[in-house]
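**Student:** The chain contents come next:
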Amino acid sequence: DVKVTQSSRYLVKRTGEKVFLECVQDMDHENMFWYRQDPGLGLRLIYFSYDVKMKEKGDIPEGYSVSREKKERFSLILESASTNQTSMYLCASSLFSSGVETQYFGPGTRLLVL
Amino acid sequence: SQQGEEDPQALSIQEGENATMNCSYKTSINNLQWYRQNSGRGLVHLILIRSNEREKHSGRLRVTLDTSKKSSSLLITASRAADTASYFCATRTGGFKTIFGAGTRLFVKA
Numbered sequence: 006d007v008k009v010t011q012s013s014r015y016l017v018k019r020t021g022e023k024v025f026l027e028c029v030q031d032m033d034h035e036n037m038f039w040y041r042q043d044p045g046l047g048l049r050l051i052y053f054s055y056d057v058k059m060k061e062k063g064d065i066p067e068g069y070s071v072s073r074e075k076k077e078r079f080s081l082i083l084e085s086a087s088t089n090q091t092s093m094y095l096c097a098s099s100l101f102s103s104g105v106e107t108q109y110f111g112p113g114t115r116l117l118v119l
Numbered sequence: 857s858q859q860g861e862e863d864p865q866a867l868s869i870q871e872g873e874n875a876t877m878n879c880s881y882k883t884s885i886n887n888l889q890w891y892r893q894n895s896g897r898g899l900v901h902l903i904l905i906r907s908n909e910r911e912k913h914s915g916r917l918r919v920t921l922d923t924s925k926k927s928s929s930l931l932i933t934a935s936r937a938a939d940t941a942s943y944f945c946a947t948r949t950g951g952f953k954t955i956f957g958a959g960t961r962l963f964v965k966a
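One line per chain: the protein sequences are A and B, in this order.
Going by this note's numbering, the letters in the first sequence line up with residues 6 to 119, in that order.
Going by this note's numbering, the letters in the second sequence line up with residues 857 to 966, in that order.
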């Protein structure tokens with residue numbers, strides 16, 4: 006079974022702090038993603054990566070950066086946390102095979118910025 | 857707005873009843889997938905239907921796809937309390953992104 010783990014289930018930070026969210030997958034997937042999920046808005050893509058040291062902006066990259074130094078690890082960084090970044094953050098990795106991409110999600114990190 | 861839009865936003869049924877959720881999308885797709893999310897957890901892939909397929913079954917799940925109407929439906933038969941979750945459709949066009957809808961919240965009463 007594919008396993009995607011996230012470093013924290015719950016996190017409380019103060020405005021202005023630098024926040025690191027870590028994601029690790031164990032299935033040698035090329036692709037990794039960071040989403041945020043807010044009520045009524047579904048999943049919104051922040052950043053994704055199709056290879057080590059490669060990153061692409063998603064739909065809402067402002068206020069975030071990412072790092073992918075190793076294939077299995079994809080980190081999301083909030084350079085200076087703000088209250089509007091309070092949200093559920095979901096990491097996913099994916100396998101692309103026969104024209105189909107299936108994403109495998111971690112359990113999520115619920116971040117509260119005070 | 858999102859490529860995939862689920863309908864209804866919320867659904868409450870009794871155990872044993874069938875649950876039907878719908879998804880509409882705007883542009884041509886290669887395939888459509890349904891995912892489930894239990895409260896406070898990540899999403900889990902349920903079933904995929906390709907653009908050249910009309911119907912797909914997996915256990916108690918039945919998915920249909922009507923590309924002329926740009927819509928899909930997910931039917932869960934003989935629902936159980938454990939089916940209580942949010943259900944999302946996800947579409948992939950020719951680009952690199954999979955786009956998720958806002959989801960349908962299903963509550964199955966025991």
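Since the hints were derived computationally from the structure, they do not count as laboratory data.
It is possible that some hints are incorrect.
[Claimed, not checked] Derived pair list, reagent style DSS-like, types lysine-lysine, alpha-carbon separation capped at 27 Å:
#: 1; chain 1: A; residue 1: LYS62; chain 2: A; residue 2: LYS23
#: 2; chain 1: A; residue 1: LYS75; chain 2: A; residue 2: LYS8
#: 3; chain 1: A; residue 1: LYS60; chain 2: B; residue 2: LYS953
#: 4; chain 1: A; residue 1: LYS62; chain 2: B; residue 2: LYS953
#: 5; chain 1: A; residue 1: LYS23; chain 2: A; residue 2: LYS76
#: 6; chain 1: B; residue 1: LYS953; chain 2: B; residue 2: LYS882
#: 7; chain 1: A; residue 1: LYS62; chain 2: B; residue 2: LYS912
#: 8; chain 1: B; residue 1: LYS882; chain 2: A; residue 2: LYS58
#: 9; chain 1: B; residue 1: LYS912; chain 2: B; residue 2: LYS925
#: 10; chain 1: A; residue 1: LYS8; chain 2: A; residue 2: LYS60
#: 11; chain 1: A; residue 1: LYS8; chain 2: B; residue 2: LYS882
#: 12; chain 1: B; residue 1: LYS925; chain 2: B; residue 2: LYS953
#: 13; chain 1: B; residue 1: LYS926; chain 2: B; residue 2: LYS882
#: 14; chain 1: B; residue 1: LYS925; chain 2: A; residue 2: LYS75
#: 15; chain 1: A; residue 1: LYS76; chain 2: B; residue 2: LYS912
#: 16; chain 1: B; residue 1: LYS926; chain 2: B; residue 2: LYS912
#: 17; chain 1: A; residue 1: LYS75; chain 2: A; residue 2: LYS58
Note that the coordinates shown come from a computational prediction; the quantities given were computed from them, not determined experimentally.
**Student:** Failing hints, ascending?
**Tutor:** The structure breaks hints 7, 8, 11, 14, 15; every other hint is satisfied.
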